[in-house]
Amino acid sequence: MHSIKKIGLVILVLLFMPTLLSAQVLIKYVQPMGGTASATTASAIKHGSVLANHANTIPAVTLPFAMTQWSAQTQTSEKKCVAPYYYGDKFFSGIRGSHWLSGSCTQDYGSFTIMPIMGKLKTSAADYQAEFSHDDESSSPSEYGINLKQYGLSMSVTSSLRSCIMKFKANKTDSLYLLVTPNSDFKEGYVKVDRENGEITGFNPVHRIYQGWGKKAGFNGYFVIKINRALKTAGTFSGPKKFSSLTIQNQEAIGAYLGFKVSKGEEISIRVGTSFTSIAGARANLASEIPTFDYQSVLLKSKHIWENELCKVGITSKDEKAKYIFYTGLYHAMQQPRLYNDVDGTYPRFASNYINNKLKEGDYYDDFSLWDTYRAHLPLFEILKPALAANVTRSLILKGKEGGWLPIFPCWNSYTSEMIGDHCTSVIASTYLKGIGKFDVDEAYKLMRQNAFDSPPSFEEYAEGKGRRAIKSYLKYGYIPVEDQVADAFHQKEQVSRTMEYAYDDYALALVAKKMGKEADYQKLVERSLYYKNVFDSKVNMVRGRHENGDWVSPFFSDKKEYYITEGTPRQYTFYVPHDVPGLAKLMGGTKQLESSLDSLFAKGEYWHGNEPGHQIPFMYNFTNSPWKAQIEVRKILESEYTNGPGGLGGNDDSGQMSAWYMFASMGFYPLNPVSGEYLLCAPIFEKVKLSLAGGKFFEIITHQKSPKSVFIASVLLNGKVYHKNYIRYVDIVNGGKLEFTLQDTPDKIWGTKTENQPKGIN
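Just add 40 to wherever you are in the sequence shown, counting from 1, and you've got the working numbering.
Keep in mind that the hints were calculated from the coordinates and are not lab data.
Treat the hints with care, as some may be off.
[What the hints assert, rightly or not] Within a straight-line C-alpha distance of at most 30 Å, the following computed DSBU-like cross-link-like pairs (lysine-lysine) qualify:
hint: 1; residue 1: K669; residue 2: K730
hint: 2; residue 1: K352; residue 2: K425
hint: 3; residue 1: K794; residue 2: K555
hint: 4; residue 1: K441; residue 2: K478
hint: 5; residue 1: K425; residue 2: K486
hint: 6; residue 1: K256; residue 2: K207
hint: 7; residue 1: K255; residue 2: K272
hint: 8; residue 1: K632; residue 2: K789
hint: 9; residue 1: K632; residue 2: K486
hint: 10; residue 1: K281; residue 2: K119
hint: 11; residue 1: K282; residue 2: K160
hint: 12; residue 1: K227; residue 2: K119
hint: 13; residue 1: K730; residue 2: K361
hint: 14; residue 1: K232; residue 2: K207
hint: 15; residue 1: K632; residue 2: K728
hint: 16; residue 1: K600; residue 2: K564
hint: 17; residue 1: K579; residue 2: K601
[Stated by the list, open to error] Using C-beta positions, here's what the derived DEER-type ranges look like:
hint: 18; residue 1: D129; residue 2: F226; range: 32 to 42 Å
hint: 19; residue 1: S173; residue 2: D480; range: 38 to 48 Å
hint: 20; residue 1: K120; residue 2: T786; range: 18 to 28 Å
hint: 21; residue 1: D384; residue 2: A270; range: 27 to 37 Å
hint: 22; residue 1: F226; residue 2: A503; range: 17 to 27 Å
hint: 23; residue 1: I395; residue 2: E306; range: 40 to 50 Å
hint: 24; residue 1: N290; residue 2: I395; range: 14 to 24 Å
hint: 25; residue 1: K676; residue 2: T287; range: 56 to 66 Å
From the three backbone atoms N, C-alpha and C, an ideal C-beta is built for every residue, glycine too.
Required output: the full structure, derived from the provided sequences and hints.
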């Protein structure tokens, strides 16, 4: 039997050999610990906070966009804004099957933890947690391992999309216990031990936050655990209290313990399946994905999958540090959105009460940090993984059909209305306008239009998070006055920022209406897309809070965080007009004044890269007579706001948006206006980038430098022809080809300055 297993492993190695060879070049650049420590960048210190300065990523063992991530655990709760793991923590308390929104300040949900201990049985986390050193850890996207010296044992984990396999090795002869804990903070959950079949099952109920905070989300995080040897002893516990019963539920800190007698060098393995639909679903997922206890084959397959994904962006560069940052960023960007359906297509119906549906095609995804990810994260996968982008759009439309309204910020399969804007519209519009995938366009338009024009018929529906917040005020005044407190939202007030982001979403929907031949809607939505002008005060040349009677809020503080601005200052949010930068410039008095305002922002140190509303700002120089200044500022940000190692990000990664910014900017182009299909050019930092695209096509970005100090664009070629525009289009990229930059040491004050070579605004 052992020889058969060895033969199978050899065959797998031979099949994957080419990939594994390249994996030595690429997978090693991924640092799962990146972002698990607090940021120390200058802008983070000035503008951030204790919570915001943690990137809040975790050292996840996972596959791209998987249902469950498997993370080392140093924090035991599912408390909001507390990640399962922080690099500075001293105590390890298990491997968590996690649904943490990577890089966020939300909360984990439906999670559970498996902790091995040796010696005397202890069931209280404060008693069994083990002090550890980072020298005792190893971490990659495919495997995490730790040596728990305190217990004289080591463990490791590798995974598939919905399942994992763990192994535990005894470094001494003793009793070994596995503790299985649903991580409910509500004194809920369920665990059952089936001794005869060597199986542990359970679930952790999911609760909503933001709108409907604390209510049941209508589904659970289910798990099934299979063990490769007979149990010697088993029981359940509630904190330090132990019970001989093999079933426990709805008590504080519940779990099950499994006991074994082990000799030095002996190994025990477990396989774990997860699901959001049922224990049967978790069991079926496990049987499909990890049917045996062959740890090495699962690990090998995981490495192969990761290498294939990383290889979609091939980099040639002498800058090893930049490679670490880039590929770690790509790994982080592929944590969300989260796969929600089982292998047979069953998934929990959106915003329902424990109802399961079954997909007819594709996959169903959730956990969309849309206020962040519509900017660069999701546009990245429109290029690299258009099939995923199409699945995302179908998933968002499905949520709207099942819940009655398009969600604003869909997480834990629920309405939340967390953050501001209506960026489902941006995402759906972007895929439709780019011709990505197939979906019901009429249904999509109906749902997007409903969000843009209507309010739910009942207050109860509105309070649950359906519809745009403060839409009635927005439509009545052409802006949201400060008298509207936006009380039924987690982010209350923030009236100016809401106005500006709704204007962008109206622009996105206007383009869809135009393409569909809905001229009346198009004209109205284009008019509304200019509502940002209604909160721009020409006397201060910035956006400003406004009363119902039209008066401006006084006094005015340009560089303080104001209640009518979302997570920022009036100066910072003034530049949030991605769809009409020329229009903003005209409001300011012309492109020279826009350039001067940008100069002032950077000179005063008011640019805050750790938060998303400003991510487009440095690229706005491409709308002025000085695109070379974008090349300077982008390069500064790349060098100062990102590094390798645990403290490598300057703020919450927010489901990969911070990471996606780096990837785009380092390659030399950025989607300032994601819906438009236009990407602003800047100076790449790599000698060569090769994008592997759908249909076997490739897009290459070649950089020629006159010296190592060259950061300024002297000329650009597209497919061998001189290219004068300071932006490139989506179709130019996905059709394949070659973009060549020549960089020089001094600014070229002519390149990209002509208006005809810059993106257009609305008028």
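30 Å limit on alpha-carbon distance, applied to hinted pair K441 and K478: OK: K441 and K478 at ~16 Å, within 30 Å.
Given the hinted pair K256 and K207, is their alpha-carbon gap at most 30 Å? Roughly 34 Å between the alpha carbons, so the hint for K256 and K207 is violated.
What's the verdict on K425 and K486, does the C-alpha distance respect the 30 Å limit or exceed it? With a Cα-Cα distance of about 27 Å, the restraint between K425 and K486 holds, given a limit of 30 Å.
Pair hint outcome, K632 versus K728 [Cα-Cα no greater than 30 Å]: violated (34 Å)
Just tell me: holds or violated, for the beta carbon distance of N290 and I395 against 14 to 24 Å? Taking Cβ atoms as reference, N290 and I395 lie about 22 Å apart, which means the hint holds.
Could you tell me whether the CB distance from K676 to T287 stays inside 56 to 66 Å? Between K676 and T287, where Cβ atoms are some 59 Å apart, the hint holds.
Okay, S173 versus D480 on CB: inside 38 to 48 Å? violated (54 Å)
Taking 18 to 28 Å as the stated bounds, is the beta-carbon spacing between K120 and T786 within them? violated (50 Å)
Does the alpha-carbon distance linking K600 and K564 stay inside the 30 Å limit? violated (34 Å)
32 to 42 Å was suggested as the range; check whether the CB atoms of D129 and F226 agree with it. Because 24 Å falls outside the window, the suggested range is violated.
Check the hint pairing K352 with K425 against an upper bound of 30 Å on the C-alpha distance. holds (9 Å)
Mind checking the alpha carbons of K632 and K789 for me, to see if they're no more than 30 Å apart? Holds, at roughly 14 Å.
When each numbered hint is compared with the structure, violations occur for hints 6, 7, 9, 15, 16, 18, 19, 20.
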